[in-house]
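J.: Letter by letter, the chains look like this.
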Amino acid sequence: MQASTVDIRFAGGTLELRHWPAGELHVPAGFVFDERTACHRAPACQYADAVRYLIANRVAYNDAARAYATLAEGARVHREPRPYQAEALAAWKKAHGRGVVVLPTGAGKTQVALMAIDDRRRSTLVVAPTLDLVRQWHTQLTDAFGGPIGVIGGGDYDVQPITVSTYDSAYLHMEHLGARFGLLVFDECHHLPGASYALAARFSLAPFRLGLTATPERTDGRESDSASLVGPIVYRKDIVELSGDYLAEYETVRVAVDLSAEERAQYDEARSIYVGFLREQGIAMAKPDGWSQFIIRASRSEAGRRAMKAYQRQRELAFTAPAKLDYLQRLLFQHRHDRVLIFTQDNATCYQVSRTFLVPAITHHTKVKERTLSLQKFAEGHYSVLVTSKVLNEGVDIPAANVAIVLSGSGSVREHVQRLGRVLRKSAGKRALLYELVTGDTSEASTSSRRRDHVAYR
Amino acid sequence: MIPLRPAPARGEGITLLTAEHVHTRRRADELLVVPLDERQRLAAQAMAEAYGELARAFVGKDRQSFMEACKALTPSWGAKDRKLADGIFKLVLDRCVFEEETPLDSQQVRADVFTRAAELRRQATRPEEFSRQIVLQAAAEPLGQPAALLDAALYGDLPGAHILKQALVPPPDRLLQLYELAQIQAVLLRATRVVARVACQDPAQFRGLFRTLKFHQLLFTLTPVPAGGYEITLDGPFSMFDAGTRYGLKLALALPSIMACDAWSLTADVLWGRERKPLRFRQKGQSRPCDESGTTMAEPVSVILQRWPALQCDWTAAASARVLDLPGAGLCVPDLEFTHVNTGHTVFFELLGYWSRAAVWKRVELCEAGLPFSVVFGVSKALRVSEDVLGDETAAALYVFTKTPNARSLLERIERVAARHR
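If you read the protein sequences in the order shown, they are chains X and E.
Here the first sequence is numbered in the working numbering, starting from -15 and rising by one per residue.
Here the second sequence is numbered in the working numbering, starting from 373 and rising by one per residue.
Just chain E, same shape as in the assembly:
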């Protein structure tokens, strides 16, 4: 038995719809994704339910029958909603797992039948002497099977004959959310450049975003926004030579990480339609509301913050929402920032955790390249890194702790780093 082939979109948010599935409108040079109105939303729910049910009902049947049944269902939504139906259907189809399943090995059947046919054709002295029935019967006899079964198995391995094994279709509400995400992603597929404005209270969100950008090898420039947060211009290395849509897929895949920020908006330059008309697309939104604490801060960091006032020092402590960027060298996202009450000088603290030695070396390289910020990096002793690897010439220090970082020890490093600044 051939192992199950995963559906193209087993996870969530992976299906990418394409331009023909998106309901857009142009206003001058703007491209707008038309949101679903109440009627369409209800229709989309009904479609998601109907296609989902059909998929579940067709488990064990072949792909062609399933496709035909869906095709027969589509006109019932009416011409006006055809695009919507096609999009919803694609989301459902991408969550179906098909598998080849034939009683006979089709490839072997073909090899045998075609060889026999070639022999019979060569031996024929008149055209009528060649008969497909004679060939199929001759091939079926040694297998003890009827000729009709061989005939059916001849191309039983083509995609249309594959069997629907699993329908991993989520509930209609969730499918609709995925549809709305996929609509924006479909536009970003045609993007040449994206400018995103993001604000996060939780550094982990920024880290997730920059990890995604790095994973997709996207380049960016980062500019702080006076109101808070950052403006991030996203494109790829080659974009400066050719404003093509080469990085569109990567930009579309980065969207969920942008949308995970507390507040976000984006402006994308897209080449739209067959004529690839340059248009501008804007979208904004907010992620789920924060919980009462405001962030999902790592426990050792929140402990430092709680214990800080007891030190009664000249430094105030606060959660940080900054990104420290050195173009060409890299960036880091600190957890806390400490500000001197008299001088106003700020020292940042990033907890590098307990598992990645490589992350420590990256920060060391970043500081040696000239990161223009005072930073203390918290590193577990388990990572076997000496505090001496960062020399006095940099504006940063390593704080190697045994089990958890200690507020007083951190203060010592902060003052040491600040002294270098003076």
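With the rest of the complex left out, here is chain X:
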């Protein structure tokens, strides 16, 4: 039995260990001596391992680090889980409350998280990528656990035993808040392995961690990093495994439209300036640093700036070809009794569609109150169309939507799968449709082929 009392405390996303007894016993793994403060220090995420080590070695310690609470009450509403949701929770618990659950959009990942919070009953921070998702989580947590539920992000800073935050705010505030939560839920956790966001996980001492995603794979291959931040993938089901039974049946339709002769001439001219510059500079856009090379070199000369303008022009022609807007008008008439979501690649196109067809737009400029109102009116049927750029790509629950129209987008498989996922929430007799409008014989055609490289489109 050790005689002295070791102090463990939380400091700026790290743990400080003081009064470690002299003797043969090593400090817990991950701790190193910090000359600056004359104590041992480790990243806060080492907390659970450190405490287990102290207990195993019967070291008397004063835990001044842990500032999270046990929730006095669990969920006040208990929904019967679907079989795969119960399996996912069981798998997570078996992994000691650390790990990632992969389920397709619309399969009810939120329900798995609500069950996990109810099971662990620790102060919980839910981290979501957008304000829309924060709003949605806030509603669902309030319904399940009662209030008050805290919010950090979008100008709010209200910390409660159960709190929802954006990734950005979690990164900014975790060095102060990292001791206050025993369970972290990372929604759309494929965002986490980025250099900055990963610190949100490292600065927290939460012993329990749950990651939720439909698409864990990242283009930079860093998905394996999430194992050290959240835990390994503990459960996985793909769209095709749940389609029909738990997700709506769906169909995808690709429509190619043509540029007019005049637009074609403009497109070809702009494209040739842009491609000519790439060739002259030896820039390969297929390489990971191709785009950044183009940006850097385009800013260095007049020819470069001309190439950038040409790039933007040819892209604009492909993405917002008038023929696309004509076809969109037909589709809006054809689906006037459905609930239609229109996706664009950029805000300018989003607002152009909104102004032209007088349909509500949701972008990052849209204030939370108006977003909430627009989504509510859409759900109730007062609005039958919503247009958005990227903010509704992920997670936002729009069960009423049954038609998605991708007017323009990136080559990202994840983005395309997520957009499809927006219309897959199952309801009686629902059959979902995803249209993809592509300007033929332009660079957009190959972008479209890249993003359809997923089992959901085969």
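Some clues are possibly wrong.
As the list claims (entries may be wrong) - Not the full set, but computed from the structure, chain E residues with beta-carbon under 10 Å of chain X:
1. Ala483
2. Arg488
3. Ala490
4. Ala496
5. Arg498
6. Arg504
7. Leu526
8. Pro531
9. Met612
10. Asp641
11. Gly700
12. Ala701
Source of the hints: derived by calculation from the structure; they are not laboratory data.
For every residue, glycine included, the Cβ atom is placed at its ideal position computed from N, Cα and C.
Position chain E against the provided structure of chain X, taking the given hints into account.
T.: Positioned in the frame of chain X, the structure of chain E alone reads:
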């Protein structure tokens, strides 16, 4: 009316430029901020004047027009000075206050127009039956406004439509100084660690610096430099596990406090460029020259110093430029130091002033943690602290005074503390 939103950089020295605004050069593993030459300095003055004038001229107009006017102006500086122009422009833009100002409530207009549009679309039996003009006219009629006004108000609240209300742009000379500060700060944004050498005659400068470091939760190690002053290694708690740029912003924000020291130099380890190449950045300078007295010493302290010779004691008195540091426990910055003419033993004096009881308790904790210096802390009676809170086992004493500290009473405490040392 929505209240004015403050400009991002209403105060001075707050705007942080980013890497793309900085004119740097690499020499081996060194990163250099290229100083402005005479031609560039004149160009920068002209830019500051032109953008500032444009900002003042556009007060009352929308953001998009202002941005377009500035964009049209930028090429006139030439491709060579583009980076300089972008930096100066950012400093100006950050000192502009924009506000949403539409004759109609855009959000309400949208809600009404989009609801009407949805109804008309649902009722249509042929595509041509839906017309945006019909919808806008129907929405405009109850308001007694023309449809064109509603059309303009539809997205009148987007940032591009916001109105420039105030242009708080300082004169060109001052803007140029801020630009030069922001250049160094932009480099420090990418810093993983900063080593600063600072020397101050005035303890208040040290106190200001350490207050800043504490406020930003930066950690530091302090090493006295033989030539005078200190070397301070700055980083954050997590730096020992990941040499990232997480604390770059805090290091950049600490720069003005470092630059306020009488003499300063810094060496920063930075991760520069897209490839985050580790480079070293050095900078040095001197703050404004001291006034004739050399320091801005608090009056009660200077009174003690003036009256000290009249005591004719064995202790010599001098202003102190020391920082007394106990790693892990804290530090204090004394105002005066008293040296015994025979033994050479030094006792420090810090005047804690009249307002912070918490500061007294921090010093008590510091002494109890084992601060290895003899110190007397001067505390006003108004703070209601007893001299007994510091026991004989510490090498420090509290001197509680009624109105102002008295030289003879201070001498008594100094000798008492020194006796404990013996």
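J.: Does each hint fit the structure? Answer for all of them.
T.: The hints, checked one at a time:
no.	hint	verdict
1	Ala483	holds (7 Å)
2	Arg488	holds (8 Å)
3	Ala490	holds (5 Å)
4	Ala496	holds (7 Å)
5	Arg498	holds (8 Å)
6	Arg504	holds (5 Å)
7	Leu526	holds (6 Å)
8	Pro531	holds (7 Å)
9	Met612	holds (6 Å)
10	Asp641	violated (16 Å)
11	Gly700	holds (4 Å)
12	Ala701	holds (8 Å)
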